[in-house]
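Asker: For reference, the chains in residue letters:
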Amino acid sequence: MASQLQGKRILIAKPGLDGHDVGAKVIALALRDAGAEVIYTGLRKTPDYIARVAAEENVDAVGLSILSGSHLELVKLTAEALKREHADDVALFVGGTIPRGDWDALKASGVDCVFDSEMSLEQVVDEVARRLA
Amino acid sequence: MSQTKSGPRDAAAARRTTPSGIEIPAVATAAMRRHPDDSAPGEYPFTRGIFEDGYRGRLWTFRQYSGFGSAEESNERYRFLLERGQTGLSVALDLPTQCGYDPIDPMARSEVGKVGVSISNLSDMEVLFRDIDLAKVSTSFTINGTAAIIFAMYLAAADKAGVPRAKLTGTIQNDILKEYVARGTWIFPVRPALRLVADSIVYANQESPRFNPISIAGAHVRDAGSSAVEEMGFTLANGLAYVDELLARGADLERFAQSLSFFFYVHMNFFEEVAKFRAARRLWARLMKERYGARTERAQQFRFGVVCGGSSLTAAQPYNNVVRVAVETMAATLGGAQSIFTCAYDEAFQLPTEQSAELALRTQQVIAYESGIADSVDPLGGSHYVEYLTDEMEVAIEGVIQEIADYGGVVKAIEDGYLQRRIARSAHERKSRVDHGESVVVGVNRFRNEAENKQVGEVFSSSASTAEEVVRKYEKIRDERDGAAAARALDTLDKAARDHGENLMPYLVDCCHAYVTVGEMVEQLKKQWGEFVEPVKL
Amino acid sequence: MTASRAPRAPIHRRALGRALSRIADATVAEALAVLEGDGRARGEVWRCGITGPAGAGKSSLVGRFVNARLAHQRRVGVVAIDPSSPYSQGAILGDRIRIDAHGDDAELFVRSLASRRARDGLADNIANVLALLEAHDFDDVLVETVGAGQSQYEVRELVDTLVVVLMPGAGDMVQAVKAGILETGDIYVINKGDRPGAKEMVAEIASVLRHPQGPNDWLPPVILTSALAGDGIAELDAAAEAHRAWRARHVDADSARRQRRRAHVRALVARRLAEVIEAGDDSLWDADVASAYHAVVAGLDYPDQ
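Residue numbers (the numbering used here), protein chains in the order written: chain A, 1 to 133; chain B, 134 to 671; chain C, 672 to 976.
Think of the hints as simulated: they come from the structure by calculation, not from any bench.
Partial list, computed: chain B residues near chain A (C-beta under 10 Å): (1) Ala315; (2) Gly358; (3) Ile556; (4) Ala557.
As a list, the in silico PhoX-like pairs of lysine-lysine whose alpha-carbon atoms are at most 25 Å apart: (5) A/Lys45 x A/Lys107; (6) B/Lys670 x A/Lys45; (7) B/Lys293 x B/Lys269; (8) C/Lys870 x B/Lys545; (9) B/Lys659 x A/Lys45; (10) B/Lys660 x B/Lys628; (11) B/Lys269 x B/Lys300; (12) A/Lys76 x A/Lys45; (13) B/Lys293 x B/Lys609; (14) A/Lys45 x B/Lys660.
Here are a few chain B residues that face chain A, going by a calculated C-beta distance under 10 Å: (15) Pro229; (16) Cys232; (17) Tyr234; (18) Met240; (19) Glu312; (20) Thr318; (21) Ala481; (22) Gln553; (23) Ser559; (24) Arg563; (25) Lys564; (26) His569; (27) Asn578; (28) Glu667; (29) Val669.
Everything numeric in this text was worked out from a predicted model, so none of it was measured.
We treat Cβ as the ideally placed atom computed from N, Cα and C, and that holds for glycine.
Go ahead and model the full structure; you've got the sequences and the hints to work with.
Answerer: Written out as structure tokens, the structure is:
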């Protein structure tokens with residue numbers, strides 16, 4: 001698992017008002033343990049802020065953690081913000097409580113991969129590494 | 134990745150400790166007890182229960198979670214559930230309301246009416262309880278950052294409906310300390326937030342003594358990945374912090390202590406959960422008596438509600454969750470919970486449907502009326518294993534409380550990010566154990582069946598028009614209210630907040646009566662107190 | 672001192688972010704090919720290092736300080752350095768979100784760097800990174816780094832003003848003196864000023880600091896702050912301005928430039944040395960010490976290989 005993500009820079013963000021951050025923190029730690037340089041934003045960040053940080057940090061991927069049910073709108077707003085920052089080429093991942101029925105809509109919004117909260121950390125790292133290769 | 138050879142023997146051989154790390158004897162004996170405790174139910178230190186007659190005297194409250202979208206939609210759902218035998222209402226508020234943002238605030242964008250009902254002013258509260266007699270129904274609000282405000286609004290609604298405040302029953306969660314470490318709907322920095330909690334408790338004790346002004350929650354740190362011992366330890370430590378704050382503000386221990394109640398998750402290790410509650414009753418009673426000198430039984434007694442489900446539920450093979458919730462409910466009743474909320478089986482991946490919510494309620498009813506558990510008080514009392522676990526957990530829980538005290542107390546631990554980091558690391562460990570199969574989760578890391586991982590039931594979502602309606606109503610009230618009166622009320626609130634000795638509740642109630650909005654009250658207080666800055670630590 | 676300028680082009684975060692990655696990831700050969708930028712006189716650019724032990728609340732302090740700098744209408748670029756994990760080479764870059772926590776100012780740019788191979792609290796190519804920011808028209812370039820003692824000497828040579836942030840109760844004064852913490856700073860800050868012992872620490876440090884030898888020497892002020900409450904920030908900003916003014920009067924620009932160039936070259940040589948040693952195979956190390964030494968030195972000469 002170590003070094004799979006060596007040299008990759010990843011932003012883990014909490015958009016909107018959802019206060020459940022432990023999943024995001026656990027993922028951030030797992031990505032770090034796999035060699036990535038990870039920025040975790042903390043709670044209550046706006047889509048505009050997330051896009052701004054993604055650009056400044058030149059990240060390879062943005063991971064949004066959303067457990068409030070507002071994922072469709074927040075993802076759309078974030079994708080639009082990334083575009084405004086000329087960062088829409090950055091990989092976009094989403095995790096949290098995302099019903100399968102919404103996955104297609106999210107992908108249409110620009111999401112590259114939706115992560116299921118029951119995936120193991122190894123699976124998450126493998127998938128991220130595969131997409132960022 | 135299904136297992137072909139599996140069975141109870143593998144599990145028993147591998148497992149030697151409870152998930153909290155307490156050693157499990159293959160066979161428990163009476164000699165394993167630390168000190169025998171012969172107290173009866175209703176007798177200090179209340180290990181066997183706080184009531185002499187347990188559930189024979191009074192069954193637990195069946196409290197189900199609901200509330201979403203607009204106040205009108207929620208009002209309909211409440212009347213539906215009350216007709217079906219629910220005995221208490223549990224109100225979920227949307228995130229903007231919880232975090233103190235009005236529906237028009239840019240921070241509220243995308244979140245209005247999603248995880249609960251939007252309440253921004255008194256008119257919303259009145260609509261929420263239309264045709265519901267507040268004197269006859271017990272209402273529990275899951276609200277923390279804005280708890281004092283929402284409670285003030287509930288009182289104002291009762292005032293307007295002509296219901297005497299003394300008749301009101303229910304709860305506001307109002308447990309701000311855990312928000313900083315596990316739930317995230319904080320607003321102000323820790324110290325002024327504690328003041329608001331204390332003010333609301335003292336006011337409730339005076340104005341509506343049957344209303345529980347706080348439900349100190351362990352559920353969320355548990356959900357975040359803590360063990361049963363950590364859950365109870367952090368929560369009791371928070372409880373002690375509230376007691377300290379109330380005493381510092383001159384409140385009367387015997388009076389407020391009886392209004393403190395708690396709230397936990399019940400997870401799948403059946404006996405650990407039962408022991409957790411028994412240990413907590415004993416430990417809390419001891420702390421109240423020995424540390425604070427509480428003399429009356431009511432001030433020493435540990436009252437609590439529970440949630441069965443939460444993060445113990447899986448999205449994979451969701452019907453397994455029906456079994457999990459039933460097992461957990463049994464543990465809760467054997468542990469003597471005063472109220473129980475059972476999760477719907479689809480809770481892990483969607484907001485529950487009417488059908489799944491009903492099944493969750495029926496689960497409690499089947500156990501209450503068909504299983505016989507309620508017929509004798511603390512039926513597991515005297516079991517060698519349960520008494521042994523109770524003793525061990527009491528020691529372990531007290532260890533966590535001491536750890537925080539050694540660090541410098543809860544407030545410092547939160548401001549420094551110490552607790553937050555501890556919880557994140559616990560969660561990481563727990564996830565790794567599940568990932569590596571050391572903790573079995575049926576359907577996820579064992580006995581998988583991809584064919585069953587389909588979506589069950591309907592996908593529920595609040596209507597897209599809800600947010601627009603909410604904003605429209607909000608703007609209408611803002612336009613129609615007496616602006617000058619609202620401004621005066623806010624100004625008076627501001628002045629009162631500057632005086633550290635003032636109880637802010639009456640001023641909040643006045644603001645509510647003047648149709649001042651939640652966001653306006655919060656903004657006013659932020660001007661003085663500032664906002665909490667999250668110490669992001671991993 | 673307010674810089675009055677014609678309105679300038681907004682910061683293009685994506686482009687600058689990419690350029691920073693290129694330079695941060697560059698090998699020594701690539702780095703040499705990039706313009707250093709300090710050949711031109713850039714007198715108005717102020718470089719400030721903020722250092723000190725972990726836990727002192729540096730990032731929150733920088734967040735407050737940055738707002739004071741922005742209020743001068745200055746364009747501010749901040750580089751926050753976090754340590755890479757020695758096990759996984761990954762890192763949690765946790766400082767920056769505290770630095771821009773209070774604002775989304777258009778004139779602020781914040782970038783995190785992991786220390787990677789650097790062991791002195793700095794990051795690979797830090798000298799080039801700072802030069803790049805200057806080339807992008809920033810007025811203030813701030814570097815935040817973890818460090819005490821030895822690492823301070825490294826960052827000292829890269830910046831005009833070095834701010835050392837300490838906090839009360841963090842160990843006794845003897846340790847601080849031994850670690851050389853009190854040798855190199857231009858401004859000392861005691862953060863978390865509301866904690867017990869803070870005021871005492873201010874007095875202690877002020878008494879231990881080397882006294883100025885002459886009237887033209889700079890006496891480092893010791894400032895009490897609380898980043899959480901926003902106290903002491905105005906004083907810190909005033910001290911920064913005072914130091915800038917002092918430097919303008921008393922520090923020879925040529926000598927400063929030489930010193931900076933020396934530090935930059937030393938850093939490049941150190942990195943090249945690490946590259947050569949990492950690339951060396953068994954045959955290199957099987958030889959005797961003198962032969963190995965000459966082989967390594969020869970390798971330094973060919974940064975393209």
